[in-house]
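Hey, can you work out the whole structure from these sequences and the hints?
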Amino acid sequence: AQRVTQPEKLLSVFKGAPVELKCNYSYSGSPELFWYVQYSRQRLQLLLRHISRESIKGFTADLNKGETSFHLKKPFAQEEDSAMYYCALSGGQGGSEKLVFGKGTKLTVNP
Amino acid sequence: NAGVMQNPRHLVRRRGQEARLRCSPMKGHSHVYWYRQLPEEGLKFMVYLQKENIIDESGMPKERFSAEFPKEGPSILRIQQVVRGDSAAYFCASSRDSYEQYFGPGTRLTVT
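These protein sequence lines map, in sequence, to chains A and B.
Here the working numbering is used: the first residue of the first sequence is 1, the next is one more, and so on.
Here the working numbering is used: the first residue of the second sequence is 1, the next is one more, and so on.
Don't read these hints as lab results, they were simulated from the structure.
Using N, Cα and C, we set each Cβ at its ideal position, and we do this for glycine too.
Heads up, some of the hints might be wrong.
Said to hold, decoys possible - Derived lysine to aspartate or glutamate pairs resembling EDC-like cross-links, with alpha carbons at most 20 angstroms apart: (1) A/Lys-9 <-> B/Glu-40; (2) A/Lys-9 <-> B/Glu-41; (3) A/Lys-103 <-> B/Glu-41; (4) A/Lys-22 <-> B/Glu-41; (5) B/Lys-44 <-> A/Glu-79; (6) B/Lys-44 <-> A/Glu-32; (7) A/Lys-106 <-> B/Glu-40; (8) B/Lys-44 <-> A/Glu-97; (9) A/Lys-106 <-> B/Glu-57; (10) A/Lys-103 <-> B/Asp-86; (11) B/Lys-51 <-> A/Glu-8; (12) A/Lys-22 <-> B/Glu-40; (13) A/Lys-106 <-> A/Glu-79; (14) A/Lys-57 <-> B/Glu-100; (15) A/Lys-103 <-> B/Glu-40.
What the hints assert, rightly or not - Derived Cβ-Cβ restraints for the label pairs, each shown as a range: (16) B/Arg-20 <-> A/Phe-76: 44 to 52 angstroms; (17) A/Phe-76 <-> B/Ser-58: 36 to 44 angstroms; (18) A/Leu-46 <-> B/Pro-39: 21 to 29 angstroms; (19) B/Arg-108 <-> A/Glu-80: 19 to 27 angstroms; (20) A/Tyr-39 <-> B/Gln-50: 28 to 36 angstroms; (21) B/Ser-58 <-> A/Leu-46: 20 to 28 angstroms; (22) A/Arg-53 <-> B/Gln-50: 26 to 34 angstroms.
Stated by the list, open to error - Which chain A residues face chain B? A few, computed with CB under 7 angstroms, are given here: (23) Leu-46; (24) Lys-98; (25) Phe-101.
Now the structure itself:
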């Protein structure tokens, strides 16, 4: 079964501190992993995907197939990073690229 | 490009009524996905459509729910005889070639 687990519902850090949002997945095959972000009163938007290996807004995420994890990291958190973060995977059968989402982590960066 | 549009943004229905949720994909996008988000939950896939075709409806409840994406006009998610458990946020996403999905602002359905 396809499953994405985000163990932390809430995460609070101070500005300038490192932040790591955890994501573990269960999937038989080679999924594609994503991080989506939803800022207050805005729509869900793609933050990054593992195949692009980019750093967006200072965030990075490395796919660890051995640990089936795709943790999101940023060395120095900023107040504007406060948002809901969702980890998701894709790899549906029959060519459907449906996304399977975790329940999300609400990140609060305090001044 | 205005982005994915959804209307209405808020919809209140009494138990037993029908709910119709509309989604206009981004210009040039022919793939549409519907997701549902219950309180305190992540988004859950419902259905994936291309123009005039349902590609994957594995997440759709077997009864009362239907979706379409006609040749002309928006995609419609239809819920017949709504019950309180249908209260949720319904999100639509579109993509050009099943690559990156762009999300709409969602429709919040409340069943009283």
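Hint by hint, here is what the structure shows:
1. A/Lys-9 <-> B/Glu-40: Cα-Cα ~9 angstroms, so holds.
2. A/Lys-9 <-> B/Glu-41: Answer holds: A/Lys-9 to B/Glu-41 is near 10 angstroms, not above 20 angstroms.
3. A/Lys-103 <-> B/Glu-41: It holds: about 5 angstroms lies between the C-alpha atoms, which stays within 20 angstroms.
4. A/Lys-22 <-> B/Glu-41: Cα-Cα ~17 angstroms, so holds.
5. B/Lys-44 <-> A/Glu-79: Roughly 29 angstroms between the alpha carbons, so the hint for B/Lys-44 and A/Glu-79 is violated.
6. B/Lys-44 <-> A/Glu-32: Holds. B/Lys-44 to A/Glu-32 sits at ~17 angstroms (cutoff 20 angstroms).
7. A/Lys-106 <-> B/Glu-40: Measuring from Cα to Cα gives roughly 11 angstroms; hence the hint holds.
8. B/Lys-44 <-> A/Glu-97: 13 angstroms, holds
9. A/Lys-106 <-> B/Glu-57: 30 angstroms, violated
10. A/Lys-103 <-> B/Asp-86: 18 angstroms, holds
11. B/Lys-51 <-> A/Glu-8: It is violated: about 38 angstroms lies between the C-alpha atoms, which goes past 20 angstroms.
12. A/Lys-22 <-> B/Glu-40: 18 angstroms, holds
13. A/Lys-106 <-> A/Glu-79: 13 angstroms, holds
14. A/Lys-57 <-> B/Glu-100: Holds, because 18 angstroms separates the two Cα atoms, which is no more than 20 angstroms.
15. A/Lys-103 <-> B/Glu-40: 7 angstroms, holds
16. B/Arg-20 <-> A/Phe-76: 44 to 52 angstroms: The hinted range 44 to 52 angstroms holds for B/Arg-20 and A/Phe-76, with Cβ atoms some 46 angstroms apart.
17. A/Phe-76 <-> B/Ser-58: 36 to 44 angstroms: Holds - the Cβ-Cβ distance for A/Phe-76 and B/Ser-58, about 41 angstroms, lies within 36 to 44 angstroms.
18. A/Leu-46 <-> B/Pro-39: 21 to 29 angstroms: 24 angstroms, holds
19. B/Arg-108 <-> A/Glu-80: 19 to 27 angstroms: Cβ of B/Arg-108 to Cβ of A/Glu-80: about 26 angstroms, so the range 19 to 27 angstroms holds.
20. A/Tyr-39 <-> B/Gln-50: 28 to 36 angstroms: Given a distance of about 30 angstroms, which is inside 28 to 36 angstroms, the answer is holds.
21. B/Ser-58 <-> A/Leu-46: 20 to 28 angstroms: 23 angstroms, holds
22. A/Arg-53 <-> B/Gln-50: 26 to 34 angstroms: 29 angstroms, holds
23. Leu-46: 6 angstroms, holds
24. Lys-98: 4 angstroms, holds
25. Phe-101: 4 angstroms, holds
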